[in-house]
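*Asks:* Each chain is listed here by its residues.
Protein chains: 4
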Amino acid sequence: MMKNGVKKIALLTGGGDCPGLNAVIRAVTRTAILKYDVEVIGYKFGYKGLYNNDFMPLTLKTVSGIQHMGGTILYSSNKDNLFDYTVEEDGVEVKKDVSDVAVENMKKENIDVLVVIGGDGTLTSARDFARKGVKVIGVPKTIDNDLASTDVTFGFNSALNVAVDALDRLHTTAASHHRIMLLEVMGRNAGWIGLESGIAGSADVILIPEIPYDINKIVDKVREREEEGKLFSIIVVAEGAKPLGGNVVVNKVVKDSPDPIRLGGIGNKLAYDLEQLIKNHEIRCTVLGHIQRGGMTSTFDRILSTRYGVEAVEMINNNKFGNMVCLTGRKMSYEHLENVIGATKVVNPNGEIVEAAKAIGICFGD
Amino acid sequence: MMKNGVKKIALLTGGGDCPGLNAVIRAVTRTAILKYDVEVIGYKFGYKGLYNNDFMPLTLKTVSGIQHMGGTILYSSNKDNLFDYTVEEDGVEVKKDVSDVAVENMKKENIDVLVVIGGDGTLTSARDFARKGVKVIGVPKTIDNDLASTDVTFGFNSALNVAVDALDRLHTTAASHHRIMLLEVMGRNAGWIGLESGIAGSADVILIPEIPYDINKIVDKVREREEEGKLFSIIVVAEGAKPLGGNVVVNKVVKDSPDPIRLGGIGNKLAYDLEQLIKNHEIRCTVLGHIQRGGMTSTFDRILSTRYGVEAVEMINNNKFGNMVCLTGRKMSYEHLENVIGATKVVNPNGEIVEAAKAIGICFGD
Amino acid sequence: MMKNGVKKIALLTGGGDCPGLNAVIRAVTRTAILKYDVEVIGYKFGYKGLYNNDFMPLTLKTVSGIQHMGGTILYSSNKDNLFDYTVEEDGVEVKKDVSDVAVENMKKENIDVLVVIGGDGTLTSARDFARKGVKVIGVPKTIDNDLASTDVTFGFNSALNVAVDALDRLHTTAASHHRIMLLEVMGRNAGWIGLESGIAGSADVILIPEIPYDINKIVDKVREREEEGKLFSIIVVAEGAKPLGGNVVVNKVVKDSPDPIRLGGIGNKLAYDLEQLIKNHEIRCTVLGHIQRGGMTSTFDRILSTRYGVEAVEMINNNKFGNMVCLTGRKMSYEHLENVIGATKVVNPNGEIVEAAKAIGICFGD
Amino acid sequence: MMKNGVKKIALLTGGGDCPGLNAVIRAVTRTAILKYDVEVIGYKFGYKGLYNNDFMPLTLKTVSGIQHMGGTILYSSNKDNLFDYTVEEDGVEVKKDVSDVAVENMKKENIDVLVVIGGDGTLTSARDFARKGVKVIGVPKTIDNDLASTDVTFGFNSALNVAVDALDRLHTTAASHHRIMLLEVMGRNAGWIGLESGIAGSADVILIPEIPYDINKIVDKVREREEEGKLFSIIVVAEGAKPLGGNVVVNKVVKDSPDPIRLGGIGNKLAYDLEQLIKNHEIRCTVLGHIQRGGMTSTFDRILSTRYGVEAVEMINNNKFGNMVCLTGRKMSYEHLENVIGATKVVNPNGEIVEAAKAIGICFGD
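Chains as they are written, first to last, in full-length UniProt numbering: chain A, 1 to 366; chain B, 1 to 366; chain C, 1 to 366; chain D, 1 to 366.
Think of the hints as simulated: they come from the structure by calculation, not from any bench. It cannot be assumed that every hint is accurate.
Repeated chains share a single entry, so a pair holds when one copy, or any two copies, can fit it.
What the hints assert, rightly or not - Here are the computed lysine-lysine pairs in the DSSO-like style, where the Cα-Cα straight-line distance is at most 27 Å:
#: 1; residue 1: LYS8; residue 2: LYS230
#: 2; residue 1: LYS48; residue 2: LYS61
#: 3; residue 1: LYS217; residue 2: LYS35
#: 4; residue 1: LYS331; residue 2: LYS345
#: 5; residue 1: LYS221; residue 2: LYS44
Okay, chain A solo, but in the shape it has when bound (with noise of 0.2 Å):
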């Protein structure tokens, strides 16, 4: 029994997948019922669940088994703003806020409670909802670890296994052919994942969004390899990764040529230009893509995830309303919401782990 006579709590999951949702989903549903004795059901959808009161119970028995697994049992969706929701009025299409409707529906469940796990955009609807009165409790997650607060948080890790395996692979072709390989990885924004991986995968250059890049640096690097008879480099290319004065390339569809297709983003753009510049080695351009996000949840993120699971529980029964659960060294910790919206957490180029990768001798193209 809570203390303050919480009696039942509903899960939503939303935004993109990353491996750890299901070990939240299962801490807070074990730790609910069994410390707590308290009701728990998943919203399915993301808010899109909530709006159309698409539920499932989670029990002992539904979450058991999802620990390891990636993904989220509860689905999720991209584009489920309650307050600023596409609904179709007499055929057509509008926006509108429809907050009041997942109000309502929570009222006819006898929902004490909402706990939201995802990343900026679904824990804004978060703090959205708690401005309006309703229960929030917040788990962050962000696969690019840009959410600021906490310092880590699930799906992180298990990412940049995945990035890491894939340097490790390239490493041994590269090597046995003299060849310069490109591997584009996750990070938009936020160059966590790059940084990371490249560090951890031996990469020779790390190009991020937060090092806008000079080319002539990269070559730079790649011919004192040679003079020291390495034949092959290893480049990380963060997706949001830029030239010095350039923009951002996005992958997009030219749909106006005659076989209309998808044109690569930084990775296969930057594997070109060096290809300009770059005579004596084949250039080759690996774009990592969703295979980042899926798998099995790593040994990091599954006790991470039972943690913040678990707290979200404690938070409820201590009337943390409001917050969202945070890691802050060894201890879990909570902020209010209002505070974790909108504060990116990106790489600082002067920062620790940065130095240190230059130390070890990579280039950021700066």
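Based on the hints, put chains B, C and D in the right spot on chain A.
*Replies:* Same frame as chain A, but now just chains B, C and D:
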């Protein structure tokens, strides 16, 4: 001591690298030295090293600890046909037959036998050297598994593992977001990687060069799954897959556009085409690319490579020159290089494995 | 529709679990339903479920998402021989032939054919049911790879991967501390796992049941390596390995000691024995045990299991009752259960693979 | 150039090996050479090499390609306390303080600073050398995560991954056979590996040195799961776990028995004890042993090790001698060796992580 007096052999690896090359190099070297007291050297960068007399001694020490490593310690090259080799004469690049230089170099180093590890191209040169009287042994290397004569060769199992790992990852994301996920895998002419990774990775659709696809059949499959309540689909596309009556779409660089960059291949094209026909799912394509070639050699490939390497040396001892080592069932065998060249092993559209895949409901677009 | 009118089949899995069982269950179920519109049920806990009429329907939904999972959703049992079954009568346990109850149960459920997935013990019962007139199809399951008739079966490759992964790990520690590391792997009667994991894991010594060892030969090998400057050694020991003229050492519980606990098997015994003969190295033994059986099914085993499952259903359609599905080279085949039983496939001490291992310098203690 | 004129540093690794040592060696070497133009050598076998003046130069080349490899290229030793060292004098082994020889050797080689990578024992010697006036920097290494002063150190995450992988494997077998599976993991004094692998591996029971267990509580947990329909249980046992009022059970060799062999530790003892109390499940124990130490270094540990290595060199440049590098939250820091020694970080039985584990229903036997 070998009964035919062979005292020194040379090794080279040609064509694209794949896991298992180092295991073959190690097995040849150890068997030659430990069992027959024969000296071994390795030419670097395939036939290029043979032309430039660029080699390294292969000793117990140089091959120590390499069995599990992808790539090749001898390096490899893609453009090294000495029978039609590009050389500069008077400042102009011309094509010439320089194979006599190679023969001369081998004589100079007292090489009795040349062991060539490579695919169709590399083995064609091996045959041509055999025709010139060089004692040659071939070891089959094809990550695509498209060499006839041998049941299977190394690299293929390792590449499959990478593709299946990616499919496992894509599943969790696809299921969480109700997406259609495409994975483009290797296989320009032969669809073995697509076929077997698709089966092992629980794909819903497999598209391979041997079976041109009708895009409407793919749409039908997606719809059929929706009716079963499965709101996501996984599609494996070999890079050489093509629509019925259509052409292969290859990666290419559009050079005359204002921002010239590489275009994607069939995977991205098909994603685009499907988006025109399927509006209720997000569609995403991942191109696995070079990470299929690299990394640690799989258990299966380590054993097979070791057996190939040992057998290659036994064949030398038994005067089986001009032949390529093969696996037939569970046994080592061999086949004359004259019969090996040009005999591509493609997937039989009505064969046992395709039929098995269809029996469990996999769609091939036909 | 099947041409012979079969409308309903039952599946069961018997004996120790291994990766691939679920993939067979899935393939049988999907092929039966999708290709032939045949109903499928699964008895739980092997023949025990058949005796207790304890079963579950197998539908597209129940077999969804299980292909890659180790274990068996039908559960398994080790003591379920219905021809010599332990039942309680008047409070006393007696052994009885209760196979008629099983036949009766199948009739009651209108089972036309029983598909039995198991090893030698489980298949012996399958043969005995065939002799009683039950329509039976066998699918070979032996993690030890010791069933004759089929080239290889599922579970073996997955188990090898676990053993090789352990050997890769032991290498780094052994090399850093100049230790002799023993790894005890499965293989009571047949040394396939020891043999192939030892080759793939770069072991220096491999000890298997088929080749009794002389401990002095092992000491010689360690000394020989020292002379080459290699101050560590890796030894793979199959659990059924034994010294020349000695007996198999099995794990056992010493019950009459003051603190009765399990004793280690051959690995620990050999470590102890070697310590008496080798003083200048630390010697450590690791017993892999049950982790060899579990986890994700390997790519190779997923494909093989799927082919077995599909073929089992095709054999039903073609009236091949009383047979077991086999792999011969690259093709599916079958063999009559009467010929399968009792024909153990052990390692040939003079066979190709042992000879290859010896050629690269691996010591077998003989 | 360093501002304090340091021109040459020496490195050594002591105690049991763990993943990350090579990454530290690489980072120290590269930073020293590339950023500060400082020379680096490495003593072999820990302090033994310092005593014997047995070292190797560490160059960009010697540390190339080692970041991901477990073990240590400098080798390690467990009995190398030079302040109480075993030497032979007149044919008799005596214990002596030979630290002056070490100091002399460093002078001879013009070593300005000694970087010591090791655990409590190795760092105690480092402190003792600091007391003698040697300029020392410590880098924490403890696979058990039991060094105070630093939040976490390398090796721990890699070891956790191995244990969790084993638990994932045991789950499928346990579930298929309704078994109780025990996994004995490292942790003689501190139960971190047991605690965190148990959480991540979905264990039902976790037994650690810090929380003596009542075997009846374990039996209760198994019974409780049976009532929920879960007919298997997974138990993680740290090697230092012990019953309430009982003693630690260590692996030992019974020498005076007719067939003297090693006995198992607490895992096997507990399996035996449980078998007396639980008759309706098979009970199996696996002892992970040395495979926890080896293999590839995890992504997390590669990054941490690299940061430690770089920071160690920065500390040299900043005259922070006598200190050990630490991780505090997300930042590098340091602590004086005098404060580090002997301060073991054990699991707090009432701490956040144990409480979280209990909240999701994990039993600690208390």
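*Asks:* Take the hints in turn and mark each one as holding or not.
*Replies:* How the hints compare with the structure:
1. LYS8 <-> LYS230: So LYS8 and LYS230 pass the 27 Å test across copies only (25 Å; inside, 61 Å).
2. LYS48 <-> LYS61: both (24 Å within a copy, 25 Å between copies)
3. LYS217 <-> LYS35: Close across copies (18 Å), not inside one copy (57 Å); limit 27 Å.
4. LYS331 <-> LYS345: both (19 Å within a copy, 15 Å between copies)
5. LYS221 <-> LYS44: Intra 49 Å, inter 25 Å, cutoff 27 Å: inter-copy only.
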